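S.K.: These are the residues of each chain, in order.
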Amino acid sequence: MIEIKNLTKRFPDSRGGTVHALSEVDLTIADDEFVTVLGPSGCGKTTLLRALAGLTGWDEGDILVDGEPVRTPGPERAMVFQDFALLPWADVLDNVAFGLQLRGEARSRRHATARELIELVGLDGFEHRLPGELSGGMQQRVGLARALAVQPRVLLMDEPFGALDEQTRRILQEQLLTIWERRRLTVVFITHSIEEAVLLGDRVVLMSPRPGRIAETVSVDIPRPRSFDLRGLGRTEEFSTLTTHLWERLRTMHPDRAGAHL
Amino acid sequence: MTRRHGPSALLPPLSGLLAGGVLWEIVAHTADAAFLPPLTKVLARLAELTADGKILPSLLSSVINLGLGLAVSLALGLTLGTLMGRYRTVEAALGIYMYALLTAPSLVFAPVFFSLFGPGRTSIVAVVVMYSLFVIVITTASAVRGVPAQLLEMGRVYGAGERHLLFNIVLPAALPMAMAGIRLGVGRAVAGMINGEMFIAVVGLGQILTEAGGSFDSTTVLAVLLVVVTVALVAIGITHWADRRLNGWLPETSRT
Amino acid sequence: MTTAGPAPRSRPPGRIRRLLGTDLPYQLLTLVVVAALWEGYARTHDSILLPTFTETAAATVELLGEGELWRAAWLSNQALVLGFLTAVALGVPAGLLLGRFSTVERYTDVYLSILLVTPMAGIIPLLVMSVGFGLTSRVILVALFSVVMAVTNARAGIRQIDPSLIEMSRTFGASEAQIWRRVLIPGAMPAIMTGVRLALGRAVTGMVVVELLMVSVGYGGLILTYRSHFDAPALYAVVVIVLSEAVLLISAARWIERKLTPWAPSHTSPRSTE
Numbered sequence: 026m027i028e029i030k031n032l033t034k035r036f037p038d039s040r041g042g043t044v045h046a047l048s049e050v051d052l053t054i055a056d057d058e059f060v061t062v063l064g065p066s067g068c069g070k071t072t073l074l075r076a077l078a079g080l081t082g083w084d085e086g087d088i089l090v091d092g093e094p095v096r097t098p099g100p101e102r103a104m105v106f107q108d109f110a111l112l113p114w115a116d117v118l119d120n121v122a123f124g125l126q127l128r129g130e131a132r133s134r135r136h137a138t139a140r141e142l143i144e145l146v147g148l149d150g151f152e153h154r155l156p157g158e159l160s161g162g163m164q165q166r167v168g169l170a171r172a173l174a175v176q177p178r179v180l181l182m183d184e185p186f187g188a189l190d191e192q193t194r195r196i197l198q199e200q201l202l203t204i205w206e207r208r209r210l211t212v213v214f215i216t217h218s219i220e221e222a223v224l225l226g227d228r229v230v231l232m233s234p235r236p237g238r239i240a241e242t243v244s245v246d247i248p249r250p251r252s253f254d255l256r257g258l259g260r261t262e263e264f265s266t267l268t269t270h271l272w273e274r275l276r277t278m279h280p281d282r283a284g285a286h287l
Numbered sequence: 119m120t121r122r123h124g125p126s127a128l129l130p131p132l133s134g135l136l137a138g139g140v141l142w143e144i145v146a147h148t149a150d151a152a153f154l155p156p157l158t159k160v161l162a163r164l165a166e167l168t169a170d171g172k173i174l175p176s177l178l179s180s181v182i183n184l185g186l187g188l189a190v191s192l193a194l195g196l197t198l199g200t201l202m203g204r205y206r207t208v209e210a211a212l213g214i215y216m217y218a219l220l221t222a223p224s225l226v227f228a229p230v231f232f233s234l235f236g237p238g239r240t241s242i243v244a245v246v247v248m249y250s251l252f253v254i255v256i257t258t259a260s261a262v263r264g265v266p267a268q269l270l271e272m273g274r275v276y277g278a279g280e281r282h283l284l285f286n287i288v289l290p291a292a293l294p295m296a297m298a299g300i301r302l303g304v305g306r307a308v309a310g311m312i313n314g315e316m317f318i319a320v321v322g323l324g325q326i327l328t329e330a331g332g333s334f335d336s337t338t339v340l341a342v343l344l345v346v347v348t349v350a351l352v353a354i355g356i357t358h359w360a361d362r363r364l365n366g367w368l369p370e371t372s373r374t
Numbered sequence: 010m011t012t013a014g015p016a017p018r019s020r021p022p023g024r025i026r027r028l029l030g031t032d033l034p035y036q037l038l039t040l041v042v043v044a045a046l047w048e049g050y051a052r053t054h055d056s057i058l059l060p061t062f063t064e065t066a067a068a069t070v071e072l073l074g075e076g077e078l079w080r081a082a083w084l085s086n087q088a089l090v091l092g093f094l095t096a097v098a099l100g101v102p103a104g105l106l107l108g109r110f111s112t113v114e115r116y117t118d119v120y121l122s123i124l125l126v127t128p129m130a131g132i133i134p135l136l137v138m139s140v141g142f143g144l145t146s147r148v149i150l151v152a153l154f155s156v157v158m159a160v161t162n163a164r165a166g167i168r169q170i171d172p173s174l175i176e177m178s179r180t181f182g183a184s185e186a187q188i189w190r191r192v193l194i195p196g197a198m199p200a201i202m203t204g205v206r207l208a209l210g211r212a213v214t215g216m217v218v219v220e221l222l223m224v225s226v227g228y229g230g231l232i233l234t235y236r237s238h239f240d241a242p243a244l245y246a247v248v249v250i251v252l253s254e255a256v257l258l259i260s261a262a263r264w265i266e267r268k269l270t271p272w273a274p275s276h277t278s279p280r281s282t283e
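Residue numbers (this note's numbering), protein chains in the order written: chain A, 26 to 287; chain B, 119 to 374; chain C, 10 to 283.
FYI, nobody ran anything at the bench for these hints, they're computed from the structure.
Note that this is a predicted model, so its numbers are computed, not measured.
Glycine included, C-beta positions come from ideal geometry on N, C-alpha and C.
Keep in mind that the hints are not guaranteed to be accurate.
To be verified - If you anchor each label on the Cβ, the simulated ranges turn out as follows: (1) Gln169/C <-> Glu263/A: 26 to 36 Å; (2) Trp264/C <-> His358/B: 54 to 64 Å; (3) Arg52/C <-> Glu280/B: 31 to 41 Å; (4) Glu77/C <-> Glu158/A: 51 to 61 Å; (5) Gly150/A <-> Ala66/C: 49 to 59 Å; (6) Leu364/B <-> Gly74/C: 46 to 56 Å; (7) Ser260/C <-> Ile356/B: 34 to 44 Å; (8) Thr240/B <-> Thr234/C: 19 to 29 Å; (9) Val43/C <-> Gly355/B: 33 to 43 Å; (10) Trp264/C <-> Gly41/A: 27 to 37 Å; (11) Lys268/C <-> Glu241/A: 37 to 47 Å.
To be verified - Chain B is faced by these chain C residues, among others (derived, beta-carbon under 8 Å): (12) Ile123; (13) Leu125; (14) Tyr245.
Next up, chain A with everything else stripped away, as it sits in the complex (with noise of 0.2 Å):
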């Protein structure tokens, strides 16, 4: 389970200011837990998700993972980065390996595992590959599977399929669904898109800019396994009852709106 306990976090801004990018957030996330943030650019949503990582500080409040406070990286928690991050000289099954091989696993055994990893996320054939030769599609997968591959409790997304074109983005999502029913853990993912959002979540959080806080969270009650048949999906009254909801909060909130008096 994790804990959002009143969270703060503040910074001083160019003119000598304080910037609120996290205030008084709180949250509590089950086991196995599929938790989508949803929000515009400046809400803080990417700080959460890097706080949650321990890449952060903050100045208020507490995190807790399954009663354990958090403050720095831990092996219970494993993060996909929107711009892949993989390591360019290295190949994807040696990107796999990353995380074991930081933890000491053996040579044999990190390829070992490594190897079922890339099979899972339908790379295989592709182990030898370096990162500049893989599409964005194929290089986020790797970003999964080495996610995956330190068994993680936690599962923690930021905006991963952000940078990736439409189609890509939508086979992407059906294959994460898909590997998270397979294999339970706890998700957090962060998006700008309303649609990913409430496709993907068993709830959805909603945050707000200036100061980053939460405005709201939204259960999804649209039965597992999901249909990914947009068309049948898009008809459900509950899916598109709750992508007009968001869109009507986010469109008051939005810049281009709200601060139209430049």
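Assemble the complex: chain A is given as a structure, and chains B and C must be docked to it using the hints.
M.R.: For chains B and C alone, coordinates are given in the frame of chain A:
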């Protein structure tokens, strides 16, 4: 290339320099070695040499060598580079030699120039050209090659001929990157100037260096070196300034 | 999803090898034109100081059979190899540290720029005064010539590493030592290798400069001897041989660089990072 602006950006390098100067003074006094006189002594010698009228004429002579060499390198380098970047055959004929000469030890040509032009200004200027020409040629060529194809297409659509394309599109678009080569060329030209003057040893700061070095007068050597470093920094500063001026108007013209 | 990764950069300058394949006729043409002009000019001017192309070629072949040349080559290359290795051994680690710890770098940057613009030849007299005319002074000078390239490129190599790779490693619990070993050093490797290649070029320059200006041994000594004997063909022949050695060494370094860092974009020339 300037990463930070404003007076606060100057603080670290200035305090670094100051600390280095103090360190030099202390080390020189404690080590008391003939080859490392204290900074104060070097500065005093510099003032002395200037008052005796030894520095300024040599400095002028060196700057003329530098200026002439750079002018030749610029004219020749920009022309050759543009031709290489624009015409496949020129690139094919010259490219490999330009690369080879870029990395070759340029001073090895000094004896050759000496035999061709004799001990005089021409030989030194030729060494300066050897040092600075090739880096300008190569960067200009790749800058010209890197001009976006759609700009050229646009030009053709509006009926520009080769001459128009070259002067109104290719050269302005290639200039910012070519300036990078020119900056490197200026740095190398200063080295060429000093090395050429030291080898041919008839005029300029290099001649004083060779003379003082021959008589193991380390104070004079360091005093002249301070002048040389200043010349180099000023030359590079001027190039930076020119670069900024040119970059200032460039985006506007490429937008039209 | 089969189309691979980023589009290749248009016409990278690592084209020496490719040119050899397709451009050979043009290159030979250039060579012939230069040789013909040289021959014609030298014949019409008939100076004792200016040999013809054919005289130079003959002298080069002849010189390659002489023990005198090989003794000079041995002397010169001793200083070259020792100085170059010293520069790499000291310069690369220094550059890596400067790249990682930017506060140190801000205070020392000004010295690197000065070192970059100072004509090293100027300090030869000081070197000779402190360590004499022997091998040591030549080694130090060669090292000074080449160390700047090793430092600046290693530093740029660290600076251009995508910070998200370091962050990614930290999410997997990497220690600073592990980050160095798994991310920083491999990430900087292409730039380090470029620096090593450029340092080699500068080392050859240093070798020639010190021998021509102050310590007349090796190749430089040979050039000065032939000059005083007015043996112009032999003088030109040494120049040709020195240039050939430089080109050969640098081509070899370029080849090794490409073998060792196949993932690197072929454009890794020294350029400042933002």
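S.K.: It remains to establish, for every hint, whether it holds in the given structure.
M.R.: For each hint, the structure was consulted:
Remark: the range hint 26 to 36 Å for Gln169/C to Glu263/A is contradicted by a beta-carbon distance near 48 Å. Between Trp264/C and His358/B, the C-beta spacing of about 35 Å breaks the proposed range 54 to 64 Å. Here the CB-CB span from Arg52/C to Glu280/B is close to 38 Å, well matched to the stated 31 to 41 Å. Checked against the hint of 51 to 61 Å, the C-beta distance between Glu77/C and Glu158/A comes to roughly 53 Å, which is consistent with it.
One distance hint, 49 to 59 Å for the beta-carbon pair Gly150/A and Ala66/C, holds here, with the actual separation near 56 Å. Remark: the range hint 46 to 56 Å for Leu364/B to Gly74/C is upheld by a beta-carbon distance near 54 Å. Range check, Ser260/C to Ile356/B: Cβ separation about 35 Å, and the 34 to 44 Å hint holds. At roughly 24 Å, the beta-carbon separation of Thr240/B and Thr234/C lies within the given 19 to 29 Å, and the hint holds.
Taken as a hint, the range 33 to 43 Å holds for the pair Val43/C and Gly355/B, whose Cβ atoms sit roughly 37 Å apart. Checked against the given bound of 27 to 37 Å, the beta carbons of Trp264/C and Gly41/A, roughly 56 Å apart, lie outside it. Between Lys268/C and Glu241/A the Cβ separation comes to about 57 Å, which falls outside the hinted range of 37 to 47 Å. With a cut of 8 Å, the hint placing Ile123/C at the interface with chain B holds, because the nearest CB-to-CB distance is about 6 Å.
With 8 Å as the threshold, the beta carbon of Leu125/C comes within range of chain B, its nearest partner Cβ sitting at about 7 Å, so the hint holds. Contact between Tyr245/C and chain B, as hinted, is supported at the beta carbon level, the nearest pair being about 7 Å apart and thus within 8 Å.
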